[in-house]
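The whole structure should be built from the sequences, with the hints applied where relevant.
So the protein lines, in turn, are chains A and B.
Just so you know, the first sequence maps onto residues 1 to 268 in the working numbering.
Just so you know, the second sequence maps onto residues 1 to 79 in the working numbering.
Hints in this document: simulated from the structure, not taken from any laboratory.
Each hint should be verified, as a subset may be incorrect.
What the hints assert, rightly or not - Just some of the chain B residues that point at chain A, by a computed CB distance under 7 Å: (1) 26; (2) 28; (3) 33; (4) 48; (5) 49; (6) 52; (7) 53; (8) 62; (9) 67; (10) 69; (11) 71; (12) 72; (13) 74.
Unchecked claim - For lysine to aspartate or glutamate, the following EDC-like pairs were computed, each having C-alpha atoms within a straight-line distance of at most 20 Å: (14) B:59 to A:30; (15) B:61 to A:26; (16) B:59 to A:49; (17) B:61 to A:255; (18) B:34 to A:32; (19) B:34 to A:31; (20) B:34 to A:224; (21) A:152 to A:26; (22) A:67 to B:39; (23) B:59 to A:13; (24) A:4 to B:50; (25) A:57 to B:31; (26) A:152 to A:137.
Every value quoted in this text rests on a predicted model; they were computed, and no experiment measured them.
Idealized CB from N, CA, C, for every residue including glycine.
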Amino acid sequence: MFSKQDFQDWASDNAVLFASVMTKIEGRKDDDLLRTYEFRGFPSLAILDAEGNAITKKVSRDLFSMKNVVAAAPMYAKIKAEIDDGKEIDEKAWFMAQLAMGELDSNDVREGIADLGITGDEKAKAEEMLFVLEMGELASKSRGRGATEADKMAACVAVYEAFKAGKRLPAGAAPEAFVDEMLVDAAKDSGDKKAFFFAYDRVHERMVERIASLEGYLPRYRADLEKFKDNKARVARIEQALGRLEQMIADTKKELTELEAAAEKLRS
Amino acid sequence: MTSLTRRGLALLPLAALLVPELSAQRTFDQEQMKANYAEMQTHSWFTNGDWITDFAAAKAKARETGRPIFAYFTRTYAP
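Right, here's the structure in full:
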């Protein structure tokens with residue numbers, strides 16, 4: 001994420017990028033700054049104010065969310081301070097700030113838009129984020145533990161219906177990969193070229209990247225097999241892990257071949 | 001008293017000797033730690049962005065620009 005040009009272009013104009021690196025170098029100032037914010041693991045993200053106070057420690061890993069959180073953070077901090085002081089606040093501004101900070105679910109957003117009478121550009125923004133939330137919640141439900149085939153089918157239908165209704169995720173939103181996969185599946189069944197090719201390039205690129213990433217681990221496993229060749233138990237474990245990795249690569253390559261065949265069929 | 005308990009009690013003096021060793025903090029090879037940090041600073045995620053690693057400097061820039069700090073917590077050693 002941080003290597004990508006769109007992140008850098010956005011960050012250079014909108015945020016102060018601070019890498020808090022725990023190095024275990026003795027005497028290095030602020031080496032364990034992470035503990036100040038009570039994070040327990042790496043990597044972690046937070047948005048801080050100029051005094052180093054955490055405005056939020058909940059930052060999603062997609063660029064769309066990051067942009068919204070950073071843009072809303074100053075207003076969010078200001079209104080939160082007013083709430084803490086017992087002052088009256090602008091409810092609409094608070095709703096929009098909480099929405100941008102990822103603190104609301106889809107039900108909260110639907111109720112907020114209706115109850116607060118959100119209109120105009122704010123309503124458009126809120127509805128855009130509501131769609132992102134809805135797709136994210138569908139992704140969690142259809143892929144989470146206990147998800148059934150019926151959940152997955154329902155998700156596929158819901159995504160396809162949203163697409164046909166003209167709804168589109170903003171670029172870089174977290175559920176994009178999920179929505180793209182659902183669209184490709186739905187479109188393969190229905191023969192819908194528009195839906196299929198809307199998502200095809202991104203799905204294809206992700207599969208190619210995944211294969212390259214998985215194949216990147218192979219040399220290390222093979223080197224370990226050679227290194228530990230006299231340790232039977234170790235070799236057995238490495239071979240097992242290597243077998244799983246090779247299967248994942250084979251499965252993804254098969255999916256890629258099937259995707260390309262579907263594209264060929266729809267083009268003809 | 002069971003035989004297991006008797007054996008356990010017999011090992012107590014040995015355990016007492018080991019406690020200082022077990023509780024000693026893990027030490028990190030400083031040359032390796034410095035090498036790790038130097039290597040991290042060549043990674044593309046770091047070199048391609050305007051990352052500040054000094055907290056005071058980051059806060060100063062935030063005050064100067066009015067922008068929030070996007071803080072990324074990471075490490076360069078294996079636990």
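Right, here's what the structure says about each hint:
Taking 7 Å as the C-beta cut-off, the interface hint given for residue 26 of chain B is violated, the closest approach to chain A being about 9 Å. For residue 28 of chain B, the suggested interface contact is upheld, since its CB lies about 4 Å from the closest CB of chain A, less than 7 Å. Interface restraint check: residue 33 of chain B against chain A, minimum CB-CB distance 5 Å, threshold 7 Å, status holds. Among the interface hints, the one on residue 48 of chain B holds; its C-beta lies about 6 Å from the nearest C-beta in chain A, closer than the 7 Å criterion.
The beta carbon of residue 49 of chain B is positioned within 7 Å of a beta carbon in chain A (closest approach about 5 Å), and the interface hint is therefore held. This hint holds: residue 52 of chain B has a C-beta 5 Å from the nearest C-beta of chain A, less than the 7 Å allowed. With its C-beta approaching chain A no nearer than about 5 Å, residue 53 of chain B sits inside the 7 Å limit, and its interface hint holds. A cut of 7 Å between beta carbons decides the hint on residue 62 of chain B: the least distance to chain A is about 4 Å, and the hint holds.
Among the interface hints, the one on residue 67 of chain B holds; its C-beta lies about 5 Å from the nearest C-beta in chain A, closer than the 7 Å criterion. Nearest Cβ of chain A to the Cβ of residue 69 of chain B: about 4 Å, under the 7 Å cut. The hint holds. Using the Cβ-Cβ criterion of 7 Å, the hint placing residue 71 of chain B at the interface with chain A is satisfied: the shortest such distance is roughly 5 Å. The closest approach between the C-beta of residue 72 of chain B and any C-beta of chain A is roughly 5 Å, which is under the 7 Å cut-off, so the hint is satisfied.
The beta carbon of residue 74 of chain B comes within 5 Å of a beta carbon in chain A, closer than 7 Å, and the hint placing it at the interface holds. For the given pair, residue 59 of chain B sits about 13 Å from residue 30 of chain A by alpha-carbon distance, which is consistent with the 20 Å threshold. Simply put, residue 61 of chain B and residue 26 of chain A have alpha-carbon atoms about 26 Å apart, too far for the 20 Å limit, and the pair is violated. Between the alpha carbons of residue 59 of chain B and residue 49 of chain A the distance comes to roughly 8 Å, so the proposed pair stays at or under 20 Å and holds.
For the hint linking residue 61 of chain B to residue 255 of chain A, the alpha-carbon distance of about 48 Å lies beyond 20 Å, and the restraint is violated. In summary, the hint linking residue 34 of chain B to residue 32 of chain A is supported, as the alpha carbons are separated by about 15 Å, within the 20 Å threshold. Distance hint between residue 34 of chain B and residue 31 of chain A is fulfilled; the C-alpha atoms sit about 13 Å from each other, no more than 20 Å. Distance check on the hinted pair: residue 34 of chain B and residue 224 of chain A sit about 26 Å apart at the alpha-carbon level, beyond 20 Å; violated.
Between residue 152 of chain A and residue 26 of chain A the CA atoms are separated by roughly 52 Å; this puts the pair beyond 20 Å, and the hint is violated. At roughly 29 Å between alpha-carbon atoms, residue 67 of chain A and residue 39 of chain B are farther apart than 20 Å, so this suggested pair is violated. Note on residue 59 of chain B and residue 13 of chain A: the hinted pairing holds, with a Cα-Cα distance of about 16 Å set against a maximum of 20 Å. Restraint check for residue 4 of chain A and residue 50 of chain B: the C-alpha separation of about 13 Å stays at or below 20 Å, so the hint holds.
Between residue 57 of chain A and residue 31 of chain B the CA atoms are separated by roughly 33 Å; this puts the pair beyond 20 Å, and the hint is violated. For the proposed pair residue 152 of chain A and residue 137 of chain A, the alpha carbon gap of about 12 Å is at most 20 Å, so the pair holds.
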